[in-house]
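A.B. asks: In case you want the letters, here they are:
There are 2 protein chains.
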Amino acid sequence: MTGRVPSPPSSDRVRPDVAVVGAGPIGLAIAWRCAGRGLRVEVHDPAPGSGASAVAAGMLSPVAEAYFGERQLTELLLASAARWPAFAAELTETTGAEIGYRGEGTLMVGLTGDDLAEARRLWAYQQGLGLPVTPLRPSELRDREPALAPRVRGGALATTDHQVDPRLLVPALRTAAQRAGAVLVPQPVRHLSEVDARVTVVAAGCGAAALTGLPVRPVKGQILRLRAPDGVAPGFRHVIRGYADGESVYLVPRADGEVVLGATVEERSDTTVTAGAVQRLLRAGIDLLPELAEYDLVEAVAGLRPGTPDNAPILGPLPGRPDVLAATGHHRHGIVLTPITADLITDLVLGGLPDPLLTPFRADRFGAAAVAALGGPEPTMEGDRWS
Amino acid sequence: MTGRVPSPPSSDRVRPDVAVVGAGPIGLAIAWRCAGRGLRVEVHDPAPGSGASAVAAGMLSPVAEAYFGERQLTELLLASAARWPAFAAELTETTGAEIGYRGEGTLMVGLTGDDLAEARRLWAYQQGLGLPVTPLRPSELRDREPALAPRVRGGALATTDHQVDPRLLVPALRTAAQRAGAVLVPQPVRHLSEVDARVTVVAAGCGAAALTGLPVRPVKGQILRLRAPDGVAPGFRHVIRGYADGESVYLVPRADGEVVLGATVEERSDTTVTAGAVQRLLRAGIDLLPELAEYDLVEAVAGLRPGTPDNAPILGPLPGRPDVLAATGHHRHGIVLTPITADLITDLVLGGLPDPLLTPFRADRFGAAAVAALGGPEPTMEGDRWS
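Going down the list, the sequences are from chains A and B.
Reminder that position 259 of the first sequence reads as 259 in this note's numbering, one-by-one numbering, no gaps.
Reminder that position 323 of the second sequence reads as 323 in this note's numbering, one-by-one numbering, no gaps.
One or more of the hints may lead you astray.
Just a few of them, taken from the derived set where beta-carbon distance is under 8 Å, the chain A residues facing chain B [stated by the list, open to error]: (1) T271; (2) V273; (3) I286; (4) L292; (5) L297; (6) A300.
Away from chain B, derived, C-beta distances all over 10 Å, residues of chain A [what the hints assert, rightly or not]: (7) G113; (8) P215; (9) A233.
Everything labelled a hint here was simulated from the structure, so no lab data went into it.
Quick reminder that beta carbons are idealized off the backbone N, C-alpha and C, glycines included.
Chain A with its partners taken away, still in its complex shape (with noise of 0.2 Å):
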């Protein structure tokens, strides 16, 4: 326990020592591990898990997913999936709740010929960072996963990149948190005022933005559901991220005969399905892996990612607001990033000294501008929750 002394209980309820804001994996991490540490903790949101994680493909990707000019996001995120083995059997130890942890690593593809060259500049440079990248000849390729189409033109292995099912994921946190002691407070949120706890950390989402000012904005995505006839298992085992006719696509497979095929990345804050998108992810997926012509479409569904002006999460006390904890903007990394962020977070409200980790996603790194909103009037953006 840290140092600082809870409050004392109110008339009709004992003041939590800490107030989380969304039920996505983030908030439930948070939960789970701070009510572990002993702290009262009660998590506000009205649809836990409704948020981008009900949409999200679950890649445990930090090798596949390092991309030129994130160095310390990249850090990160491989300090997080090094955490996931360890996470995810403690959550299953925890509530004998299968979450879908896979790892059989991820194939990164190209295509054709223009395909496969930026991809293997991209290969260049993870591999300049030291990374477990391995370049496969196309009969390799194809020796590990034989349903790629064969014009496949060459591809590379990251052994460390995992995944998990997110839907498995939500539940299973809940419960854990749940277990350890944390209340679930189904009410929506609408500003900071409405929480009373001695610590207030904000796992909102694209939400986060109406709530603290932050610069989260939506980032919409597209993702498709097939599942493999017959209810047989996919036919092939890796996480595939390929390039397909200038086309990013990647595609999970699940022991239950599932495959996400996703994603778009639009600056876009609706949530509609559109014929276009549909149309290029799944020319994508079935031009990597033929078989999936035959799949079952069950699901065409867009999501809101919590993104930022520089693609990094915001973690760590608002500037002027040591007590209230931003958690948000995970953009396309919020179930890779659910350890670290859940234990490094408990640090802070624990009142430790912030992991050297986390100063490159300061919640001020933006400017103190940035969250002017604060303890102003209420958010009025229509449309703009966060759950």
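Got chain A sorted already, so can you dock chain B onto it with the hints?
C.D. replies: Relative to the frame of chain A, chain B by itself:
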């Protein structure tokens, strides 16, 4: 009324003159017409309108659908389409229901030179039959539909090919039939011995096979429903029948913003929506009308058309069973053939001589063996129900 005398009432109910099995558009229109002629009518269906009509686009296209080797079918399609304007007006007048009847005509287009060459062969055949097909230069085509892709190579207009909305048609027909006195019996019929009427009409779509032994087989069709953004009408007015890189598709615009994009023709009896079919339909649709890429994809669904060995409907008494009339096997043409099927079957129910138009569509044209199941044991083919 016919010269036949209706049976006397039984203890608990009046024996109907006509039992119609199947409350799709065909069955309901027959029930409406028969009830309108003073007959006591029962219509048996646990789920009216849940068969092929729930999926159908509603093109009334005897010209665009006039194919090589189907001359007699084309004559029936033309005769029925000619009855549609009066049929639609009467139905709307009777019920007050709008059924989406539109007469802007159908534009037939070819995307590539190869597509256009193939389409022109068909248009020449159609013109040879004396059908009103008017070739258009690309500039004329774009004057009529500026939304067509610039690379569409050419087209032709069939002004007499119209459309209706099957999802509005079925409830309107149900209302009309019930107001005329027909009674809906919301129960399945698994054997013809379960219905008791002077005349039984089997309008059970694919389910007719198990009930009658007729060679009616399911022909799967996958179809998409898109919607123009922002609630506006689609950016095109004609039904588009297009050939796009070898794919044959149609696009039906509705006043409320819906666009129906169909359809596959597959010799399969499942109703799963497959990734490959959706991709091909979307690709062809977007190639022909690029604005569709920004449309919402609101529905992807598959239905089963009642196909026959010669692709033509089966209309008239079963061999050896003058009291059982088939009105099934309409395959891709159930909506356009609804008025004439209702009129001619009603004439048969009333004991009139068969219209010469019916001759090619007699139930005995496939031989008596085809109806061997009649009077036999309960059908056992799993999943082969008539609704």
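A.B. asks: Work down the list of hints and note, for each, if the structure agrees.
C.D. replies: Here is how each hint holds up against the structure:
Interface hint at A:T271: violated, since its Cβ lies 10 Å from the closest Cβ of chain B, which is beyond the 8 Å cut-off. Annotation: A:V273 was flagged as interfacial toward chain B, and the flag holds, the nearest CB pair being 5 Å apart, inside 8 Å. Using the Cβ-Cβ criterion of 8 Å, the hint placing A:I286 at the interface with chain B is satisfied: the shortest such distance is roughly 6 Å. For A:L292, the interface hint holds, the least distance from its beta-carbon to any beta-carbon of chain B being 5 Å, beneath 8 Å.
Given the 8 Å rule on beta carbons, the hint for A:L297 holds: about 5 Å separates it from the nearest Cβ of chain B. Because the closest C-beta pair between A:A300 and chain B is about 6 Å apart, less than 8 Å, the hint holds. Every C-beta of chain B lies more than 10 Å from that of A:G113, the closest at about 23 Å, which supports listing it as non-interface. Look at A:P215: its CB is around 27 Å from the nearest CB on chain B, clear of 10 Å, so calling it non-interface holds up.
No beta-carbon of chain B is positioned within 10 Å of the beta-carbon of A:A233; the least distance is around 17 Å.
Violated hint: 1 only; the structure is consistent with all others.
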